[in-house]
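Visitor: Chain by chain, the residues run as shown.
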Amino acid sequence: MYRLYRYLLILTLLAGAAGCATQTVKSTTFTPIVEDGSPVVEEELLDIGIGIFQPGLDDVPRNREELTFSDVRMAETYFASYQLAQALQNSGNWGVVRVVPGRLESVDLAITGTILQSDGETMRLQMHVQDSTGMTWIDKEYEEVVSKYSYDPRMRRSEDAFQGLFNKIANDLLAYKQRNISADDAVNIRTVSKIQFARDFAPQVFDEYLAENRNGILEVKRLPAQNDPILNRIENIRERDFLYVDALQDYYSNFVRQMETPYTEFRRMSYDEVMKMDRLAADARRNMIMGVAAIIGGLAATQSNNAAAYYSSPVILASGGWLIKDAFDKGDERALHVEALAELGNSLEMELAPQTIELEERTITLSGSVEAQYEQWREILADIYSNEIGEATSSEQ
Amino acid sequence: MTASERRAALDARLDEGFAEFDGMILGERERVQAQADDAGSGVMSGGGSGSGNGGDVGQPGGPLVIASGPQTRGGGIIVPPTANGRQGDFETTQEETFPVPDDIPPGANDDVVARQLREAAMREPDPELREKLWDEYRAYTGIGQ
Numbered sequence: 001m002y003r004l005y006r007y008l009l010i011l012t013l014l015a016g017a018a019g020c021a022t023q024t025v026k027s028t029t030f031t032p033i034v035e036d037g038s039p040v041v042e043e044e045l046l047d048i049g050i051g052i053f054q055p056g057l058d059d060v061p062r063n064r065e066e067l068t069f070s071d072v073r074m075a076e077t078y079f080a081s082y083q084l085a086q087a088l089q090n091s092g093n094w095g096v097v098r099v100v101p102g103r104l105e106s107v108d109l110a111i112t113g114t115i116l117q118s119d120g121e122t123m124r125l126q127m128h129v130q131d132s133t134g135m136t137w138i139d140k141e142y143e144e145v146v147s148k149y150s151y152d153p154r155m156r157r158s159e160d161a162f163q164g165l166f167n168k169i170a171n172d173l174l175a176y177k178q179r180n181i182s183a184d185d186a187v188n189i190r191t192v193s194k195i196q197f198a199r200d201f202a203p204q205v206f207d208e209y210l211a212e213n214r215n216g217i218l219e220v221k222r223l224p225a226q227n228d229p230i231l232n233r234i235e236n237i238r239e240r241d242f243l244y245v246d247a248l249q250d251y252y253s254n255f256v257r258q259m260e261t262p263y264t265e266f267r268r269m270s271y272d273e274v275m276k277m278d279r280l281a282a283d284a285r286r287n288m289i290m291g292v293a294a295i296i297g298g299l300a301a302t303q304s305n306n307a308a309a310y311y312s313s314p315v316i317l318a319s320g321g322w323l324i325k326d327a328f329d330k331g332d333e334r335a336l337h338v339e340a341l342a343e344l345g346n347s348l349e350m351e352l353a354p355q356t357i358e359l360e361e362r363t364i365t366l367s368g369s370v371e372a373q374y375e376q377w378r379e380i381l382a383d384i385y386s387n388e389i390g391e392a393t394s395s396e397q
Numbered sequence: 001m002t003a004s005e006r007r008a009a010l011d012a013r014l015d016e017g018f019a020e021f022d023g024m025i026l027g028e029r030e031r032v033q034a035q036a037d038d039a040g041s042g043v044m045s046g047g048g049s050g051s052g053n054g055g056d057v058g059q060p061g062g063p064l065v066i067a068s069g070p071q072t073r074g075g076g077i078i079v080p081p082t083a084n085g086r087q088g089d090f091e092t093t094q095e096e097t098f099p100v101p102d103d104i105p106p107g108a109n110d111d112v113v114a115r116q117l118r119e120a121a122m123r124e125p126d127p128e129l130r131e132k133l134w135d136e137y138r139a140y141t142g143i144g145q
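Chains as they are written, first to last, in my numbering: chain A, 1 to 397; chain B, 1 to 145.
Source of the hints: derived by calculation from the structure; they are not laboratory data.
Hints should not be assumed to be uniformly reliable.
Label pairs and their in silico Cβ distance ranges [said to hold, decoys possible]:
hint	chain 1	residue 1	chain 2	residue 2	range
1	A	Asn-215	B	Leu-129	28 to 38 Å
2	B	Glu-20	A	Glu-361	13 to 23 Å
3	A	Ile-217	B	Arg-138	50 to 60 Å
4	B	Met-1	A	Ala-353	21 to 31 Å
5	A	Val-41	B	Pro-106	20 to 30 Å
6	B	Lys-132	A	Arg-279	19 to 29 Å
7	B	Asp-103	A	Glu-43	49 to 59 Å
8	B	Ala-12	A	Val-41	36 to 46 Å
9	B	Glu-30	A	Ile-357	47 to 57 Å
10	A	Arg-214	B	Met-1	44 to 54 Å
11	A	Glu-235	B	Glu-16	14 to 24 Å
12	A	Glu-361	B	Glu-128	46 to 56 Å
13	B	Thr-97	A	Trp-322	24 to 34 Å
14	A	Val-41	B	Pro-99	39 to 49 Å
Simulated pairs of lysine-lysine, BS3-like, Cα-Cα distance not exceeding 27 Å [unchecked claim]:
hint	chain 1	residue 1	chain 2	residue 2
15	B	Lys-132	A	Lys-276
16	A	Lys-276	A	Lys-221
17	B	Lys-132	A	Lys-148
18	A	Lys-140	A	Lys-177
19	A	Lys-148	A	Lys-177
20	A	Lys-325	A	Lys-148
A virtual CB, placed ideally from N, CA and C, is assigned to each residue, including glycine.
If we strip away everything but chain B, and leave its shape as in the complex, we get (with noise of 0.2 Å):
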């Protein structure tokens, strides 16, 4: 045997190899994603465990994720989008927030518990939930007692 031929040789078990690797990981990877449908849950790309698609505490079948396909580097410019231009991305920066109302004074006094409810409340999106919480916050500084 020549040596390009022993080459071509190793070469071919070399992508024997392959073929055998990727149907191996391939079939595990159907197989975990036949799991995870069983269970009834979504499937979201990109690897976004728990970003903001109604995962709540405490309540059951969070959004699942299976980790997207292999991710092999390509070439060019990569520009991160904005947090608002990704589907089921992580919402963080730039969230909305509400108006106060006028009864509620400036919050420089607030300690720890009452800002983190008057926080809460000028993101709630919710009209009647937000109304709840400025209710809980009324109740914790003594507002109008």
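Chain A with its partners taken away, still in its complex shape (with noise of 0.2 Å):
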């Protein structure tokens, strides 16, 4: 008897702990972008490169599967990357901010990371950020749950649902930035991601400008003459490489606004059903349990000497029944909204996927092509150093 009492107790609380888990803190408050308001020189602006977010399919919680569509997450990446970018680009504290499908070394600031989740209520992000010398800036988990008012058109809100969980972490690299990072500092950096651009066109020549010290940060060890020729032809080359991130973002761009609305839709139709599934699933969850805990009741009154517990047993056994068949069938209820975000998903799906596989294939053709001109370029200078070299020989005999 004393353990069904125990058992009981146990139950009852583990209800009410369901019952506390119903709740959602959410955050209201926007976070705006902050800027830095002070006057920069243009020797000190850092220009930021975003890789593309990696898909982080992964790490999926387990309560989220059935809310993740992998085209669509394929799709997020591209947007979510982006979005970002606007916000480090409209603060107006950096230099030039892009977004880059690889080849981070030779940027001044390099932003990766990864979606952990994204279902229309919560965005969580892992974001690292470190400078052309190595240096970390940030690494850390962001996470946004937003309110059924973000979606809301009579709000508003010309900026995505997530932005203010982009502007934080565009608020805590400028923070990081003002924290630690001086001057001469900004300057160091941009010359490393100069000579590192440098390097991976000319190595024979700039290899031994920069070395790693014992903590796996590059130094520079030696800087290049202002009139080098050499340098000056990399800077050429480093103005078209700039052209072609730039052809980067006409395509981000065009592919983030096609899938925004109907992206947009589909999360703020998901959030709603998210809000049913879980309440659903939460309900359900503590009527078992107090279905369960009922039974047990029920049954340890119907083994007591009280008469008026012995008397009453039938109903609390009773009701105990009532509260398990209603978690079942909120259960069944949970389903239906599941297979209704199936469908929305998979039509998302299909409307995104097309236009992922352009993006992608478009970004592959472009990326070969320069990728090929740049071994090109790449042979010239080895021989144009090898003539002067050769040249510079020649006139000390």
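Hey, can you piece these two chains together into the complex? The hints should help.
Guide: Right, here's the structure in full:
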């Protein structure tokens, strides 16, 4: 009997906890972007390269697996990367901010990220930021949970529902820079990125200009001469690289524009479904626990010597049975919402998948052409260098 | 061929490559621009996607962003302009707020939903919508019931 009552107490506490689990704490405060406000010398402005986020499909929480659609997630990687780039660019705190498909070594600040969760209600990102010397600025997880008003057209919000999340990342980046990066540091970072780029095209010339210290941080050992002819040629190449990256931004902005409306609509509808599903799941869980507790209580009452407890036992047993049945009904209702969401997701996948494939193909095609051209330039630069070495040797003789 | 002749020839090859590359990239950008134009959206310069120009949630045809021209670095001092001074900028700081109706009490006891309703109403420039938001706030908090 004692064991029954103890079990009953535990179940009652679990039911109460299940009730508490239905309360969701949401952040309703929108995080605005913070601008530095003070004049920035051009030589200290840091450019930012954002790698296309990883889809994080291996990290989806189990209770969100049925809400995650791989093709939608792949499209989201471009969307989220681009949104972050826009937040950073619009802050005015940085130089050029661009989404790049790879090759982040020669960018002043390289940002990479993984989408851990994205379901209309919650977006969770794992972000990593490091500068060209290899110093890590940020390595942390960001999360935002939005309310239904983020999708309410009456709110007249022109920005993304999760804009606050991207602003938070941008603000943290600025805060780190203000706390830790002096003007000399900024100039040094820019110099290292410049030499990194030059090293990629003329390693025989610039390999020795940088060295890694024992902490793995790149340091400038020698500065190239301002009128170094090889460096001047590489500057011309770097300008072309900027052009190429700008062309990629055209691709991404077009893609984001095309996907924005159906994707936002999907997120709004999936938000509603997620809320209902979570509520039903919590209600079902609570009712199941309470139902079992009631049945155990009823069973305990049938064995009680107390007349009141004994005669009320059928009522307790009956109500316990009803709660369990209701839990199953809620589970079935939840399954309907899962199905509805699956239809939404599949429909959006069908719309986005061809666009994503086209974007990837175009990016690969352009990048391939660009890389082939870069290879030719590397060979020409190597020839020019050999020619200059030969000329210098002849002069000495 | 002398060393300087060879160098000139190599530089000529580089220049040829640059011209080809420029043509390829610019042609590609024109193609993408034409695609964007066919889709019927406007073009914003400076990369300000979704920055307060009528791209409401749920409505079709948000603003198009085509990245601006080559972002080469120049010299001199760049003073970041204020949020209100840049066209198409993302509106965040220094937003105008509107007075609270007399029957609305201070929001110290507001829960998260009431607080968001309050903030939205205080920021809404359209008076009709603003009153509807305050009505929602009143209904939610039970004022006047």
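Visitor: Compare the structure with each hint and give your call.
Guide: So, going through the hints one by one against the coordinates:
1. A:Asn-215 / B:Leu-129: 28 to 38 Å: Because 56 Å falls outside the window, the suggested range is violated.
2. B:Glu-20 / A:Glu-361: 13 to 23 Å: 22 Å, holds
3. A:Ile-217 / B:Arg-138: 50 to 60 Å: With Cβ atoms ~59 Å apart, the hint holds.
4. B:Met-1 / A:Ala-353: 21 to 31 Å: 55 Å, violated
5. A:Val-41 / B:Pro-106: 20 to 30 Å: 46 Å, violated
6. B:Lys-132 / A:Arg-279: 19 to 29 Å: 26 Å, holds
7. B:Asp-103 / A:Glu-43: 49 to 59 Å: 57 Å, holds
8. B:Ala-12 / A:Val-41: 36 to 46 Å: 37 Å, holds
9. B:Glu-30 / A:Ile-357: 47 to 57 Å: Once the Cβ atoms are compared, 23 Å apart, the range 47 to 57 Å for Ile-357 of chain A and Glu-30 of chain B is violated.
10. A:Arg-214 / B:Met-1: 44 to 54 Å: Holds: the Cβ-Cβ distance is about 48 Å, inside 44 to 54 Å.
11. A:Glu-235 / B:Glu-16: 14 to 24 Å: At roughly 18 Å between Cβ atoms, Glu-16 of chain B and Glu-235 of chain A fall inside 14 to 24 Å, so the hint holds.
12. A:Glu-361 / B:Glu-128: 46 to 56 Å: Once the Cβ atoms are compared, 48 Å apart, the range 46 to 56 Å for Glu-128 of chain B and Glu-361 of chain A holds.
13. B:Thr-97 / A:Trp-322: 24 to 34 Å: 51 Å, violated
14. A:Val-41 / B:Pro-99: 39 to 49 Å: Holds, since Val-41 of chain A and Pro-99 of chain B (Cβ atoms, about 42 Å apart) stay within the stated range.
15. B:Lys-132 / A:Lys-276: 26 Å, holds
16. A:Lys-276 / A:Lys-221: Roughly 61 Å between the alpha carbons, so the hint for Lys-276 of chain A and Lys-221 of chain A is violated.
17. B:Lys-132 / A:Lys-148: 17 Å, holds
18. A:Lys-140 / A:Lys-177: 16 Å, holds
19. A:Lys-148 / A:Lys-177: Answer violated: Lys-148 of chain A to Lys-177 of chain A is near 34 Å, above 27 Å.
20. A:Lys-325 / A:Lys-148: 31 Å, violated
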